[in-house]
Structures are given as C-alpha cells and as structure tokens.
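Protein chains: 2
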Amino acid sequence: MSAAKLIALDWGSTRLRAFLLGDGGEVLQTRQSNDGAATLKGADAYAAALAALVGDWRAEHPALKLLACGMVGSQYGWREAPYVRCPADAAALAAQLLTLDDQLGIVPGLVDDAAQPDVMRGEETQIVGALALHPELAEEACLVLPGTHSKWARVKAGRVTGFATHMTGELFALLRQHSVLNRLMPADGSSPASPEAFLKGVEAAKEDGGLGHQLFAVRTLGLFKQLSAEQLPDYLSGLLIGHELASELKGDVPRVALIGDPALCARYALALTHLGQPAPLLLDNTAPAGLWALAQTTSLI
Amino acid sequence: MSAAKLIALDWGSTRLRAFLLGDGGEVLQTRQSNDGAATLKGADAYAAALAALVGDWRAEHPALKLLACGMVGSQYGWREAPYVRCPADAAALAAQLLTLDDQLGIVPGLVDDAAQPDVMRGEETQIVGALALHPELAEEACLVLPGTHSKWARVKAGRVTGFATHMTGELFALLRQHSVLNRLMPADGSSPASPEAFLKGVEAAKEDGGLGHQLFAVRTLGLFKQLSAEQLPDYLSGLLIGHELASELKGDVPRVALIGDPALCARYALALTHLGQPAPLLLDNTAPAGLWALAQTTSLI
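Here the protein sequences come in this chain order: A and B. Heads up, the first sequence is in my numbering, so the first residue is 1 and it goes up one at a time. Heads up, the second sequence is in my numbering, so the first residue is 1 and it goes up one at a time.
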C-alpha cells in the first residue's frame, strides 16, 4: 500500500466527502458526513466538522496537507475563495488557491460573466479531474454535471471556455414535494422508474407552450388517467431534463461527458441518445482526481 | 334596494367568496372566508362552511337558490361536476350544471383536449362574466386570468375555443419561499415593488438559455450586487411572467383582457405594454357577473 500524500475534501452544500489519497493520487480511504456547508456556520463549526470526520487521519499523518473544493469556499463557507474568470484552466485555478494556516487549501470557483454572471464551486475541480482521467476530452468537449444545479461546461484546448447552470434538480424537488403536482403522485421513492414516462416527458419538452404550461400536464395527465400515479414523477423528470437539453443542444455539440451520480447520469444519457446524440462518456465523481491534479501544481504535495 | 335573487359562490382552493345578488345581478352584500376547497373534506364540511358564511342569508331568504363555481366541483370537492369540452359557450356550461338537493348548482369546468388535456374550474365562470359585462369581447378576444395557475383563453363568436394554463404563480411562490433563490431575498412582503427590476426580468426572458438556466441569475445577480436584495423578487416575477407572455404572444393576438386581482393584473399589463402590446382591458373578479349570467339561463332564478 502506497503512502498517504493528501487529504482531499469534496465539501458541498449538503455533504462533506473526504478522500485519503496515496502516491499516485489513488484513493486509499473514503469517508463522508452530512456536515455540508449549508448546515455549518462560522470557522469553528467547519474546523469541528473536519476534525470529526478525519481527525484520526491528521493525527496519524501530521505532515499531510488538505485540499478542499466546493461550497466550503463560498461567502457563507469557511472562508471565501475567489472566483476565477473563464476561460480558465487548472493552472489558473491553482494560482488563486486560498490557503488557511498553511495547512488547508480551498480551490477557487469559476465565474462566466460573458452574459449574466454564472458561477460554480466544486464542479471546476470535477472538470479538472475529468480532464486528468480522460486527456482526450481536453481538446474539445461538453462536460455535463447533472444535479440540483446542473452545470454544462464547454472545454476547448484544456480550458473551460464557458458554462451555464440549470436549476433542474431543484425544480424537480420543489415540484415533487411542494407543488400541486405532487397530489396525484405516490409518496417519495415508492415508485419503480418508468423510462417510458420519462421519455414521454422528454418528447413533450420539444413542443411549444413553455415549461410553465407543460408542467400543468403532469396534473392533467394524472387526472385523466393517461399516466399512472407511479409514472408522473418520471414524466416530470423527463419534462425538466428535456428543457435543459433543448437549451444546451443548440448548434454543434462536441463530445458529451456526464459526471456524477450514476443513476442520474444514466437518466441524462437516456434522454441524450433519445434525442439523437451519440452515447456520452459516463464518469463517477471526479473530484478526488481533480483535487490530486490541482495539488500537484501547487506546493501542497 | 332591490330584492335578493341569488346567492353566488366563488369557491376556490383557498377561499370561499359569497355574493348576495339583487334584481339585476348587482352585488348587495359580499362575504368571504378561508374555507377553500383545499381545506375541506367531505360533504358535511362543505355544508358547514357554507352555513357558517351565509347561514343567515339563507334563513332570511329561504327561497333563494345558490350557484357556485370553482374547485368546489372538483373530484376532491363537494361533488364532482363534469368538464365541458371546448369550444363551449355559457349555454353549454349551463346545460351541464350539477345540482345538489335542488338548492345548489355547481358550474362545470372546461377541458381543452386538443393536445394534452388542460382544465379550468372557476375561470370559465369569470369568462362568462367578462363577456356579459363587455359584450364587445365576445367577437374575438384573449382573456387572461393571472394567478397561481394563470389561464389564457381564446374567445371567438362567444365561445371559448381553447385555453392554456401556466403555473407561473405557483412557481413564483415555490422559488420565493423554498428554493436557494430566497436566501438573498428579504423576508416576504418587506420590499417595495421595483418595476425596473421586474422589467429587467421580462427582458431576460426573451434571451436564449431556457427558464431553468435564467432562474439561476436571480442568485448570481444578487451575489454580484447587480440587483439589490429588495429587487430580486421582482426580477424573479418578471422572468416567470416574461416566459408566460413569450409562450402566449406568438402569432396574432386579439384584444387582451386581464381579469383578477388588480395588483397582479397591473403587473401583467406593465409587461404586455413593455413588449409592445396595446394596453389591455383590466377587469376585477367577474365571477359574480358570470354566476348571474349562468343563473339566468337556468331555472335557478
């Protein structure tokens, strides 16, 4: 077993994931807690959450540095890290690393201010990881990170040239849990997935009428029994993801890589191929690889 | 003072509004309670809510009939009234009136099933009322009823030829109260209206990128102080209403009449004229006039 070289932290709004990385960046150990940035207030709370999760790693390897990405660096995080402007590559991110007590580095976020400003924190590191793992993407690719706030980033010649956020996952959760649309649906999680209903939603998103109108069909299709209660959440998901894809699949689209939760990525892959796109590359969380790559360009390891 | 002729009930999801109508349909008295259909379960609850609000009217005028419209006739209401298919006029609605105990009539809803089914309950009566008050609209008009679920109905030769629902108001409430977008906003109701921010949202809705993407700008414009916290709710409102208008203002649009809450209608009127439409006709709740018109074509008065 290789020696531990870095404690990598993927510290988002809802979860803290820690990776003990070895010589070549390989993951030696993984842990996670629910101490996401959204639940923590003040530096002491962050320090305590870190000690609770990886205090023993630090005691065992006192010389190890830590590198974190995600909402830990937001203005409500441990300490605010800057935003690096697009176009940007790994070197530009590493150059603006924020360091706390010479022990913990926080990766800056990215801002795309070509039009209205758009921001990411954490995904920039996953993109660096994806490019490290798949160098063939660096020439030109479209990297998609589905989630609460999905990110669509364009990469050219190793740099992120621009990106857009879509609030697809958050809209789904809001409508699923709090809107009139949930009344005809089964309780959360009780329904088997219906790819048929999902693709029906993807198809409906291609029609005229607008999202705010089409959403109402989730109610009426249930009301008139054209979809079963179990199918309605998938239809809603297809409608929302379909709108996201319709916005992003305009013009020439380079090779698409999907990064993140495998079940969610599979859903996007199904919609993409249904719409005539080539099968995308599927990648699981690439944050550890990204943190390793960024650490290599700094003095952290 | 004219004699009481009808007890008209506008019985929606959240409120019950009662109108004691006189000889020519004029409103003699008005009352309202929070006993909306969404809070009531079972016939006894409806009967009790009705007795609590207008029991004295009924005791004083035992011969008076009652006519109700709205969610009181839904499948979760007092008794399910049918949906009449578009195209439909007042006579078609009156012909399918549901009557309870020969005392209370419930107006049917409307369904437009030309594409995916769309439904309304209550708004059909407001449309009948608008046409009764403004006969010049009957030839051809676009009647807009903004709200939680905004309705856009086309009228031609006195009939509703079709309509579409937009979940604009519900999306606003969900995003305002429950989403990440609310974090930078002031507490509900504490901000003076900003027509400037509202119209900035209306303008943004004309751009590419899709609603799910544009919504995220409500966060970033706040983050980068391009809009103040007080302006963000109005920007969000403009974005959502702008998308609704963009969907509905395609092709030739006949005269537009806005029906409903004056403050909300003023907001839609501002957006419409900003987008180059003629100033719309503004009408307050036309349900009493609609119920009176429908009662006249039945045996209720």
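Among the clues, some could well be false.
No copy is singled out in the list; a pair is fine if it fits within one copy or between any two copies.
Cut-off 20 angstroms, straight-line C-alpha distance, at most; resulting in silico cross-link-like pairs (DMTMM-like, lysine to aspartate or glutamate) [stated by the list, open to error]:
(1) K225 with E203
(2) K156 with E139
(3) K65 with D102
(4) K225 with E140
(5) K250 with E60
(6) K156 with D35
If you are wondering where the hints come from, they were derived from the structure by calculation, not from laboratory data.
Checked hints:
1. K225 with E203: within (19 angstroms within a copy, 38 angstroms between copies)
2. K156 with E139: The answer is within: 5 angstroms in one copy meets 20 angstroms, while 57 angstroms across copies does not.
3. K65 with D102: Result: close within a single copy only, 8 angstroms intra versus 81 angstroms inter.
4. K225 with E140: neither (45 angstroms within a copy, 33 angstroms between copies)
5. K250 with E60: neither (52 angstroms within a copy, 67 angstroms between copies)
6. K156 with D35: neither (35 angstroms within a copy, 59 angstroms between copies)
In terms of the numbered hints stated before, the structure departs from hints 4, 5, 6, listed from lowest to highest.
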